[in-house]
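A.B. asks: Now for the letters of each chain:
There are 4 protein chains.
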Amino acid sequence: MPYEFKVERRVEFSETDMAGIMHYSNFFRFMETAEHAFYRSLGHSVVMKDVDPPLGWPRVHAECDYFKPLHFEDLVEVHMLVKEKKSKSLTYVFRFFKLNGTREEVARGALTVVCVSHVNGVMRSVTMPKDLADKIEIAPAELIG
Amino acid sequence: MPYEFKVERRVEFSETDMAGIMHYSNFFRFMETAEHAFYRSLGHSVVMKDVDPPLGWPRVHAECDYFKPLHFEDLVEVHMLVKEKKSKSLTYVFRFFKLNGTREEVARGALTVVCVSHVNGVMRSVTMPKDLADKIEIAPAELIG
Amino acid sequence: MPYEFKVERRVEFSETDMAGIMHYSNFFRFMETAEHAFYRSLGHSVVMKDVDPPLGWPRVHAECDYFKPLHFEDLVEVHMLVKEKKSKSLTYVFRFFKLNGTREEVARGALTVVCVSHVNGVMRSVTMPKDLADKIEIAPAELIG
Amino acid sequence: MPYEFKVERRVEFSETDMAGIMHYSNFFRFMETAEHAFYRSLGHSVVMKDVDPPLGWPRVHAECDYFKPLHFEDLVEVHMLVKEKKSKSLTYVFRFFKLNGTREEVARGALTVVCVSHVNGVMRSVTMPKDLADKIEIAPAELIG
Chain L
1 MPYEFKVERR
11 VEFSETDMAG
21 IMHYSNFFRF
31 METAEHAFYR
41 SLGHSVVMKD
51 VDPPLGWPRV
61 HAECDYFKPL
71 HFEDLVEVHM
81 LVKEKKSKSL
91 TYVFRFFKLN
101 GTREEVARGA
111 LTVVCVSHVN
121 GVMRSVTMPK
131 DLADKIEIAP
141 AELIG
Chain A
146 MPYEFKVERR
156 VEFSETDMAG
166 IMHYSNFFRF
176 METAEHAFYR
186 SLGHSVVMKD
196 VDPPLGWPRV
206 HAECDYFKPL
216 HFEDLVEVHM
226 LVKEKKSKSL
236 TYVFRFFKLN
246 GTREEVARGA
256 LTVVCVSHVN
266 GVMRSVTMPK
276 DLADKIEIAP
286 AELIG
Chain R
291 MPYEFKVERR
301 VEFSETDMAG
311 IMHYSNFFRF
321 METAEHAFYR
331 SLGHSVVMKD
341 VDPPLGWPRV
351 HAECDYFKPL
361 HFEDLVEVHM
371 LVKEKKSKSL
381 TYVFRFFKLN
391 GTREEVARGA
401 LTVVCVSHVN
411 GVMRSVTMPK
421 DLADKIEIAP
431 AELIG
Chain U
436 MPYEFKVERR
446 VEFSETDMAG
456 IMHYSNFFRF
466 METAEHAFYR
476 SLGHSVVMKD
486 VDPPLGWPRV
496 HAECDYFKPL
506 HFEDLVEVHM
516 LVKEKKSKSL
526 TYVFRFFKLN
536 GTREEVARGA
546 LTVVCVSHVN
556 GVMRSVTMPK
566 DLADKIEIAP
576 AELIG
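Chains as they are written, first to last, in the numbering used here: chain L, 1 to 145; chain A, 146 to 290; chain R, 291 to 435; chain U, 436 to 580.
I should point out that these hints are in silico values taken from the structure, not numbers from a laboratory. Hints are supplied without guarantee of correctness; some may be wrong.
[Said to hold, decoys possible] Quick list of in silico lysine to any residue cross-link-like pairs, SDA-like style, CA-CA up to 20 angstroms:
#	chain 1	residue 1	chain 2	residue 2
1	A	Lys228	A	Arg155
2	A	Lys233	L	Asp74
3	U	Lys441	A	Glu218
4	U	Lys520	R	Asp355
These numbers come from a predicted model, not from an experiment.
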């Protein structure tokens, strides 16, 4: 079922701000936590040093809609889903569920990442490796919601 | 001309990641730097304790498109522009220009924030204070680009 | 055995810097992760809203010695030990062990925190609550190393 | 006078925590801001790519004593002073002064950094470059306080 991945995190003190809630920029760090764990689950690291030239996945678009705040020590499920797969890019959707209390969706985000290679110091988008591409599927639309 | 504000920042070592570029989540921190300086330029703080009940501005939407990476010690201009003003919310656009080298737009973001009040522990969206609303204009469309 | 606590964390991409290793400031965030989990294990939160007036634990001293770098996706054990317990303050030691590869101590830190109360907006150090103090012991010296 | 450097920063919203003050880990990020600006003032970057093999400055010790909290929008002077200069390492002291209100020292920190080189993937401490070492002096003891 390689079109999704779920990780759980607990909101840390250093991730809150003076409004008493998790700072909105940290949702983007949580997204990566899920994305990178997804890659590991496929037997890869997002940092692909074992291919030559090494590949990277810079972000070209990021967004998030916030429905409810998260507080210190809240337990959060980050549910990553593959929304789009092109030859050189992937788009993920991330659904954030607060697990303490009723299981409620508190935010929804998206990331578009591009597969790039660095040749002689110049970054160029490239076709993603076939063995990785073959493992990644598009999630059913009803899961993306 | 209270529809825009510009701040300059230099990318710090702690804001880079192992890819050698500024981590994408930090663009969202830079957006706030410009937003809060804009408020100060109007004689306000984004944390409005001097009104009763105190007001806050939680983010309900954030996004960013990344065109080019930023590196350590790059000097960046964050140009904030007011795109939309409703009675209870504001939408800003943020244009990031790298100032060293040719002045080039490296990213463009947006934030939508809602004016809220906390009454008896319950957060509710409220009409923004008139004296603040009167000071904020919509930026000309050609500046937003 | 309420004189220690262990948490595991995996180094995230956003915690690395352009030197390719975890930024040194993040060790201080990891220390708190262990500290707060220790409190939860005692049935408390470090944010004590349920006592009146509410208590807090500002840090008055922090330090860390770095022996080896941590890299992206390294799995780390943060071993927190209570080194000193006074009526109004606690000193913890934190030993960082890298779990992938040989289990090796990569850093060692310490925090001193003071129990404070806010009365009429003024912060004052106070004796820590007896039920909490009774639960916390000093770790054996040989564990602190 | 190459034994000190001063930078000013304003505490940002994203640097505060739910206790309403700047999170203690951010003082370590502020220290680097001053250190790196000091290097630039000497005509260097802390990231020395122009020497072969490239040099780096990992931190081997970091500490901070906190006297008073910093709040959102506080203006802070970070005063860096060179305390020790050895052939392969430097120790700096950092004095934090809050500039709004009375000019008051709110924290004092220290960093020890080691000059390293990477040869065939192995990190080794090396003698710092003579042209850099010649520019750096030890600060008078009375300034370090």
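A.B. asks: Each hint needs a verdict: does it hold in this structure or not?
C.D. replies: For each hint, the structure was consulted:
1. In summary, the hint linking A/Lys228 to A/Arg155 is not supported, as the alpha carbons are separated by about 26 angstroms, beyond the 20 angstroms threshold.
2. With a C-alpha separation of about 28 angstroms, the suggested pair A/Lys233 and L/Asp74 falls outside the 20 angstroms cut-off, and the hint is violated.
3. For the suggested pair U/Lys441 and A/Glu218, the alpha carbons sit about 17 angstroms apart, so the restraint of at most 20 angstroms is met.
4. Taking the CA atoms of U/Lys520 and R/Asp355, the gap is near 18 angstroms; set against the 20 angstroms cutoff, the hint holds.
Checked against the numbered hints listed earlier, the structure breaks hints 1, 2; every other hint is satisfied.
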